[in-house]
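One-letter residues, chain by chain:
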Amino acid sequence: MSVTTAPKRSAERRTGPGRVRSRSPVHDHGAWFLVLPALLPILLLSVGPLLYGIALAFTDAQSGRTQATRWVGTLNFQDLLHDTLFWDSFRIGLLWAVGVTVPQFLLSLGLALLLNQRLRLRWLARALAIVPWAMPEVVVGIMWRLVYNPDAGILNETLRDLGLGDGRAWLSGLGTALPAVILVGVWAGMPQTTVALLAGVQNTPHELHEAAALDGAGAWRRFRTVTWPALRPVALAITALNFIWNFNSFALVYVLTAGGPGGRTRLPMLFAYEEAFRYGQFGYAAAMGCVLVAVVSVLLALYLVGRLKGDQDR
Amino acid sequence: MSAFRTSGPARAGQYAALLAYLVFLAFPFLWLVSTAFKPAAELGSLHPTWIPKDPTLENFRQAFDEQPLLRAAGNSLFAALTAALVAVAVATPMAYVLARRRSRLTAAATGWVVVSQAFPFVLLIIPLFLILKNLHLINTLGGLVAVYVVWSLPFALWMLTGYVRAVPAELEEAAAVDGAGRLRILVSVTGPLLAPGIVATALFAFITAWNEFFFALVLLKTPEKQTLPVVLTHFLGAEGVADLGPLAAAAFLATLPSLVVFAVIQRRITGGMLAGAVK
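Protein chains in written order, with UniProt numbering: chain E, 1 to 314; chain S, 1 to 279.
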């Protein structure tokens with residue numbers, strides 16, 4: 001990035017007012033016409049609704065109500081503060097996001113290092129990795145429901161064959177539901193994380209590795225001093241984004257457990273969805289959305305600051 | 001590579017780890033396929049087997065009988081195809097500007113692209129629902145397409161900007177010096193070099209829309225309009241009681257298009273994604 005922009009900036013500087021034709025075709029006002037087709041839909045269907053959504057959080061908007069919607073100030077937020085169900089789902093959302101992101105990162109890192117070696121079945125791992133990545137989340141959920149099925153599922157049958165008890169109803173057990181959906185989350189996101197990390201690993205200068213090995217550095221030392229510094233920006237970016245995506249996820253858990261049993265897997269998105277589209281509480285659900293956006297924004301800010309610092313370090 | 005020869009036991013450990021990953025990766029999918037081809041009698045057995053003893057296509061027939069799968073697939077195809085084409089058509093010119101010009105506007109747009117990747121959809125879907133309702137676009141594929149276009153724009157811009165940057169500006173400069181006009185340069189110099197990236201981006205937008213569930217669940221009310229992922233959940237029935245065979249068959253079929261398309265563009269997506277996330 002920094003390598004490619006340096007010559008470009010100097011080229012721009014050379015393009016003084018005296019030059020007849022600019023270096024690139026977008027240096028004149030034609031740029032507006034190129035930007036508008038994408039900018040308009042973004043403003044109308046993305047920025048606009050976002051502001052509208054924030055405004056809704058301060059109203060008593062409900063679906064199918066005949067009276068006019070009124071401003072209620074911070075009432076929704078005050079209610080939210082005392083809504084133990086919401087804070088339960090918030091806690092579950094954090095548990096889920098950490099529970100998926102951390103193992104996903106560690107397993108993917110190990111796997112990326114593994115796939116960087118010359119191993120025989122490497123191509124198969126890469127080919128198979130497409131399956132979870134490309135599958136609709138709904139299908140991933142359905143598939144794992146078949147695996148977890150108490151009677152006809154392969155998981156319990158395998159456990160029975162291994163003499164590890166009679167198996168369980170994993171998705172409907174109060175204690176097992178959250179770990180069970182977390183495992184699916186890890187499975188679904190691993191390929192993407194692995195491929196990203198693998199690309200990062202492959203960026204490490206090979207000569208450095210060999211030099212370190214000649215100096216007698218062991219595998220761990222080589223990882224810490226050569227691989228990790230080069231990998232860090234990719235690792236940070238993918239982990240931050242994974243965490244945010246996981247915190248916001250909906251479809252997978254909706255299909256697996258619909259938030260059950262007894263709300264043990266009710267992620268914040270599921271909770272807000274029910275509040276808005278089952279109970280029609282648009283204003284209240286919008287307030288939830290605001291809280292979730294605030295949380296995610298903090299994380300995003302940390303990620304962006306980290307990225308900027310990373311750029312300066314280079 | 002010779003500098004760090006791996007010892008025998010370490011190599012064995014590596015293969016064990018790789019094998020464990022392959023099993024972990026493959027077994028749910030193999031189970032889905034196995035279930036899809038099992039007759040009802042075997043699905044009811046308390047000791048399920050990996051390989052159907054008496055494979056059958058009955059589940060597929062039944063799946064089409066129980067739910068309007070063909071119509072749902074048609075809806076999905078229409079929504080995904082239209083959204084992908086429109087998204088790429090409006091994103092390409094903007095990506096070009098983002099890549100070639102630095103100003104407050106492009107900085108703000110790039111910032112928005114990053115931020116919107118992280119948005120909880122729930123805050124967007126409520127106002128969108130109300131807006132589309134006022135425009136009488138609830139329960140229409142047109143409304144869904146509009147949402148999909150905007151939803152896939154950030155990533156499309158992200159990928160395409162990377163592809164434009166990969167085309168050396170010097171080529172355009174050279175064409176300009178030769179006297180070619182702005183439009184001419186875009187169409188005959190930059191366009192052909194961008195084409196593979198544009199196709200990859202369109203295919204990616206297609207898959208995301210084909211797989212999408214949340215917006216379709218909220219915006220489409222009647223079965224005639226619903227897309228494939230939404231119709232698939234109808235197989236789950238009330239209280240999670242499901243007809244396993246047809247459920248597996250339908251789920252298996254819904255995955256095939258994504259798998260094929262994704263296999264084709266996977267490498268390009270990885271590149272585009274990384275360029276966006278790290279640079």
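Be a bit skeptical, because a hint or two may be false.
What the hints assert, rightly or not - Covered stretches of chain E, as calculated for chain S (at least 3 residues, CB under 8 Å):
| no. | stretch |
| --- | --- |
| 1 | 86–96 |
| 2 | 146–159 |
| 3 | 267–277 |
Unchecked claim - Partial chain E-side listing against chain S, Cβ under 8 Å, derived:
| no. | residue |
| --- | --- |
| 4 | V139 |
| 5 | V296 |
| 6 | V298 |
Quick caveat, the hints were computed from the structure, so don't treat them as lab data. For glycine and all other residues, C-beta sits at the position ideal for the given N, C-alpha and C.
Okay, the hints, checked on the actual structure:
Note: the stretch 86–96 of chain E has 0 residues with beta-carbon separation from chain S under 8 Å; the three-residue rule is not met and the coverage is violated. Here the stretch 146–159 of chain E counts 8 residues with a CB under 8 Å from a CB of chain S, which clears the bar of 3, and the coverage holds. Beta-carbon proximity to chain S at under 8 Å applies to 6 residues in the stretch 267–277 of chain E; the threshold of 3 is reached and the given coverage holds. At about 5 Å, the closest approach between the beta carbon of V139(E) and any beta carbon in chain S falls short of 8 Å, and the interface hint on this residue holds.
For V296(E), the shortest C-beta to C-beta distance to chain S is roughly 5 Å, which falls under 8 Å, so the interface hint holds. Look at V298(E): its Cβ only gets to about 11 Å from chain S, farther than 8 Å, so that hint breaks.
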